[in-house]
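Engineer: What follows is each chain in one-letter form.
Number of protein chains: 2
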Amino acid sequence: MRWLKFTAAGKTSWGLVEGDKVTTVTGDPLGEWTKTSQTHALGDVKIELPLVPRTFYCVGLNYLKHLKEAADKAGTVPDIPGRPEIGYRAQNALIAHDENVVIPASATEKIHYEGELVVVIGRKAKHLTEAGAMDCVFGYTIGNDVSERTWQKADRGLWRSKNADTFKPMGPWIETSVDLATMETAIRVNGKETGRFRTNDMIFGIVPFLVELTKYFTLWPGDVIWMGTDGASPDLKDGDVVEIDVTGIGTLRNRFVKEKA
Amino acid sequence: MRWLKFTAAGKTSWGLVEGDKVTTVTGDPLGEWTKTSQTHALGDVKIELPLVPRTFYCVGLNYLKHLKEAADKAGTVPDIPGRPEIGYRAQNALIAHDENVVIPASATEKIHYEGELVVVIGRKAKHLTEAGAMDCVFGYTIGNDVSERTWQKADRGLWRSKNADTFKPMGPWIETSVDLATMETAIRVNGKETGRFRTNDMIFGIVPFLVELTKYFTLWPGDVIWMGTDGASPDLKDGDVVEIDVTGIGTLRNRFVKEKA
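So the protein sequences, as listed, match chains A and B. full-length UniProt numbering applies: residue 1 is where the first sequence begins, and numbers increase by one. full-length UniProt numbering applies: residue 1 is where the second sequence begins, and numbers increase by one.
Hints were generated in silico from the structure; no laboratory data involved. There's no promise every hint is true.
One copy or two, either will do: identical chains are not told apart, so a pair holds if it fits within one copy or between any two.
Unchecked claim - Here are the simulated SDA-like cross-link-like pairs (lysine to any residue), alpha carbons at most 20 Å apart as the crow flies: (1) K68 - I203; (2) K110 - T150; (3) K110 - P81; (4) K215 - K258.
Please model the complete structure; the sequences and the hints are all you need to start from.
Structural biologist: This is how it looks when you write it as structure tokens:
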């Protein structure tokens with residue numbers, strides 16, 4: 001099932017997407033819901049942010065090829081994580097599909113995308129085992145972990161570099177059924193492909209993360225875990241359109257615009 | 001005004017505290033509300049977490065004496081922040097006044113408290129000026145930024161060390177009117193004072209943080225900013241009771257209990 005949060009005729013609701021049609025649902029996919037008889041053409045509705053997570057988890061370094069390439073370039077040995085460790089992002093930064101990423105006036109030209117698979121948690125979970133871990137997953141969406149690399153080097157932590165308003169596009173919808181083994185993530189800038197990797201080719205996959213995190217944390221319905229990215233981004237500039245395509249989910253598209261000083 | 005989230009007779013509501021009495025309010029202090037005629041004795045109600053912030057901001061190093069003492073001990077020069085920078089904490093870790101901090105079975109003995117003033121945001125704000133900054137503040141509460149120092153050194157980021165379940169007690173209530181200039185924070189372990197500092201003796205105060213943050217972030221009603229701590233904590237052990245007292249707000253009290261392995 002493909003769950004879309006949308007607005008039509010001034011009303012925001014959940015809906016189920018089939019082809020280019022969305023059927024309005026009352027209630028909430030993470031709770032109780034009922035399908036109605038009302039439908040819209042997908043092109044006629046405003047796509048909204050699927051949800052604001054209670055806790056916003058994000059994996060840093062999680063793709064070997066990316067780490068290896070970076071280390072090769074620097075002439076160093078890759079610092080490969082020895083265990084699944086997590087970071088956090090800020091809810092203020094979230095925006096929906098087709099909304100604009102606003103590059104702050106004070107930012108440098110080092111604005112980069114990171115195309116990521118996003119795991120959406122469906123039920124409260126702690127102390128998950130390997131066998132049962134995936135039962136807490138509701139579905140999947142796509143995230144763009146936009147970063148200002150100059151700030152990333154200069155700041156304590158990642159406060160501005162990854163969490164400025166609009167730096168976390170997420171969407172367009174939540175897909176409940178995917179085939180992790182065969183998925184690919186492809187990224188395009190202004191229609192031209194700039195990156196492609198096997199989505200599940202992670203150093204630590206979803207199950208190890210769920211097991212490790214829930215040793216310490218309770219996951220709640222609506223929490224999201226952004227799973228990291230592979231490859232590198234060109235510097236993005238005013239007017240660029242970034243599309244992140246993940247097999248079986250869809251395409252997250254956002255235009256980057258420079259804030260007026 | 002002193003706003004308390006509480007449960008009585010199975011019902012959770014907001015209330016206004018006067019002395020040892022709480023008057024039930026319908027609605028929400030950050031929106032519309034109406035005082036009812038129903039009252040309870042404060043001692044008869046279960047005190048709840050005041051709110052779950054949309055974004056959970058937390059200042060790291062923000063008290064000069066603390067930085068200087070640590071540097072003196074290490075024989076180094078204090079690394080004093082040159083500008084207000086912010087971090088994040090995880091919502092999963094929040095608990096209420098009088099709920100137990102559960103020390104994970106795998107944690108070391110290096111469990112420390114950090115007594116902090118918490119700023120609660122009352123309205124949406126961006127690009128605040130120095131003159132208008134405080135208008136977005138709804139009130140103040142108290143936070144205990146519990147830390148596992150061994151994990152803090154070993155982990156990438158602060159994921160477990162500061163964000164394990166129950167590591168973020170916050171409360172007991174939100175006080176809308178305080179006198180920042182005269183406030184003191186006092187911390188007691190099992191009734192014995194182990195720390196005391198002037199609450200507003202910060203390297204960067206509330207106004208500089210609000211101005212700097214809102215250059216990049218939109219603050220939302222219910223967001224919280226934990227303002228950092230001074231002094232050091234002894235190692236806390238199973239059964240210890242930590243009280244953090246802030247003049248004009250009240251006392252946040254939590255027992256520390258060790259998880260059974």
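Engineer: So, for every hint listed, does it hold in this structure?
Structural biologist: How the hints compare with the structure:
no.: 1; hint: K68 - I203; in the structure: within (12 Å within a copy, 41 Å between copies)
no.: 2; hint: K110 - T150; in the structure: within (6 Å within a copy, 35 Å between copies)
no.: 3; hint: K110 - P81; in the structure: neither (25 Å within a copy, 24 Å between copies)
no.: 4; hint: K215 - K258; in the structure: between (42 Å within a copy, 15 Å between copies)
In summary, the structure is inconsistent with hint 3 from the numbered list given earlier, while agreeing with all the others.
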